[in-house]
Amino acid sequence: MKVYRELAVNGKCTLVIWMRENNKSIIKRALWGGVFLIGLGIIFLADLPWESILILLGAIILLDGLIRYYLGEKRGERP
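Quick note on numbering: the sequence shown equals residues 1 to 79 in my numbering.
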């Protein structure tokens, strides 16, 4: 949004930069959303007992947090 305000004079440049930032946010969400769903699918296909499922789910959530941290996602950030 900051880049959008700085380049408000040139309409074409503003639109291109805003779309790139928005697509970057969508790609990030798709990345960790997809990883989470794939992980859940593997857990349920493996037919493991509930204790193991909870441990693996915790590991997936931990990995999800690490992915968000390393991609620079901050809490409260809007797309």
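Some hints here could point you the wrong way.
Computed beta-carbon distance windows for the label pairs [stated by the list, open to error]:
| id | residue 1 | residue 2 | range |
| --- | --- | --- | --- |
| 1 | L62 | G41 | 10 to 20 Å |
| 2 | L57 | L31 | 25 to 35 Å |
| 3 | R29 | L62 | 30 to 40 Å |
| 4 | P49 | L71 | 18 to 28 Å |
| 5 | G34 | G58 | 13 to 23 Å |
Worth flagging that the hints you see were computed from the coordinates, not collected in a lab.
Beta carbons: idealized from backbone N, C-alpha and C, even for Gly.
Do the hints match the structure? See the list:
no.: 1; hint: L62 x G41: 10 to 20 Å; result: 18 Å, holds
no.: 2; hint: L57 x L31: 25 to 35 Å; result: 19 Å, violated
no.: 3; hint: R29 x L62: 30 to 40 Å; result: 18 Å, violated
no.: 4; hint: P49 x L71: 18 to 28 Å; result: 33 Å, violated
no.: 5; hint: G34 x G58: 13 to 23 Å; result: 19 Å, holds
Checked against the numbered hints above, the structure breaks hints 2, 3, 4 and satisfies the rest.
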